[in-house]
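Chemist: Sequences listed follow chains A and B, in order.
Mapping of the first sequence onto our numbering: position 85 corresponds to residue 85, and the numbering continues sequentially without gaps.
Mapping of the second sequence onto our numbering: position 81 corresponds to residue 81, and the numbering continues sequentially without gaps.
Hints may contain errors.
[As the list claims (entries may be wrong)] 30 angstroms max Cα-Cα, derived DSS-like pairs, lysine-lysine:
#1 Lys47(A) - Lys23(B)
#2 Lys12(B) - Lys23(B)
#3 Lys47(A) - Lys68(A)
#4 Lys23(B) - Lys13(B)
#5 Lys47(A) - Lys12(B)
#6 Lys108(A) - Lys47(A)
#7 Lys68(A) - Lys108(A)
#8 Lys47(A) - Lys19(B)
[To be verified] Derived coverage of chain A by chain B (criterion: at least 3 residues anywhere in the stretch with Cβ under 8 angstroms from a Cβ of chain B; other residues may be distant):
#9 27-38
#10 80-94
#11 97-109
Hints listed in this document are in silico derivations from the structure and should not be mistaken for laboratory results.
Don't be surprised by glycine CBs; every beta carbon is placed ideally from N, CA and C.
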Amino acid sequence: QSVLTQPPSVSGAPGQRVTISCTGSSSNIGAGYDVHWYQQLPGTAPKLLIYGNINRFSGVPDRFSGSKSGTSASLAITGLQAEDEADYYCQSYDNGLSALYVFGTGTKVTVL
Amino acid sequence: QVQLVQSGAEAKKPGSSVKVSCKTSGGTFRNDNFSWVRQAPGQRLEWMGRIIPFVGSVDYAQNLQGRLTITADQSTNTAYMELTSLRSEDTAVYYCARGTHHLAFDIWGQGTMVTVSS
Chain A
1 QSVLTQPPSV SGAPGQRVTI SCTGSSSNIG AGYDVHWYQQ LPGTAPKLLI YGNINRFSGV
61 PDRFSGSKSG TSASLAITGL QAEDEADYYC QSYDNGLSAL YVFGTGTKVT VL
Chain B
1 QVQLVQSGAE AKKPGSSVKV SCKTSGGTFR NDNFSWVRQA PGQRLEWMGR IIPFVGSVDY
61 AQNLQGRLTI TADQSTNTAY MELTSLRSED TAVYYCARGT HHLAFDIWGQ GTMVTVSS
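Using the sequences and the accompanying hints, generate a full structural model.
Modeler: Quick look at the structure:
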């Protein structure tokens, strides 16, 4: 399967801003498909945070924001809080042969 | 409020099969589409396949073709995932998720742990 590439980990102190990158290819993000972001707390199912590159899902604080450019996308968390410590995954659609949907490699956010 | 409720944990022997259910409530099952996504211990999310109950259309990830079957029962609003010829590498948490017109997944089941071990 095609995979979207994310940094394994990012960290920041409470109140700081952190960003997570998501790099794809010409068969997914570069083909114009939207990027979506999920938060996964330990032992729980993923939750949709951002859809359609920039839109916050219902109930998601405005501390979370998304952007997309070319074959990459980013998730920013401003005013980092202890409860934001989790794994984050990007996801897009893919027009290649292996799979319709592709996920990122995942990023662990640590609040120092 | 749409909810997806999955069946319980399974312990299987290599070479056997497993079937996991995902019952939906509060939504329009017939007009939705549902994917199955798995996550091996400590690993990333992996999309497995999708069903659109209204048209009966199913798509599978290439690496699972031949071993994976996804079905839906519209009378009970339940989707199913059956994986055959199980291997230790299939040990994972299996999730069902509802797809949106943005091609995201907005509602997820609680997950079903499948352990494959001799």
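Chemist: Would you mind marking each hint as holding or not holding in the structure?
Modeler: Outcome of the hint check:
1. Lys47(A) - Lys23(B): Given pair lysine 47(A), lysine 23(B) holds - Cα atoms ~18 angstroms apart, limit 30 angstroms.
2. Lys12(B) - Lys23(B): The hint holds at about 22 angstroms.
3. Lys47(A) - Lys68(A): holds (20 angstroms)
4. Lys23(B) - Lys13(B): Judged against 30 angstroms, a Cα distance of about 25 angstroms means the pair holds.
5. Lys47(A) - Lys12(B): Holds, because 28 angstroms separates the two Cα atoms, which is no more than 30 angstroms.
6. Lys108(A) - Lys47(A): holds (15 angstroms)
7. Lys68(A) - Lys108(A): holds (20 angstroms)
8. Lys47(A) - Lys19(B): Cα-Cα ~24 angstroms, so holds.
9. 27-38: holds (count 4)
10. 80-94: holds (count 4)
11. 97-109: holds (count 10)
Violation of the numbered hints given earlier is absent; every hint is satisfied by the structure.
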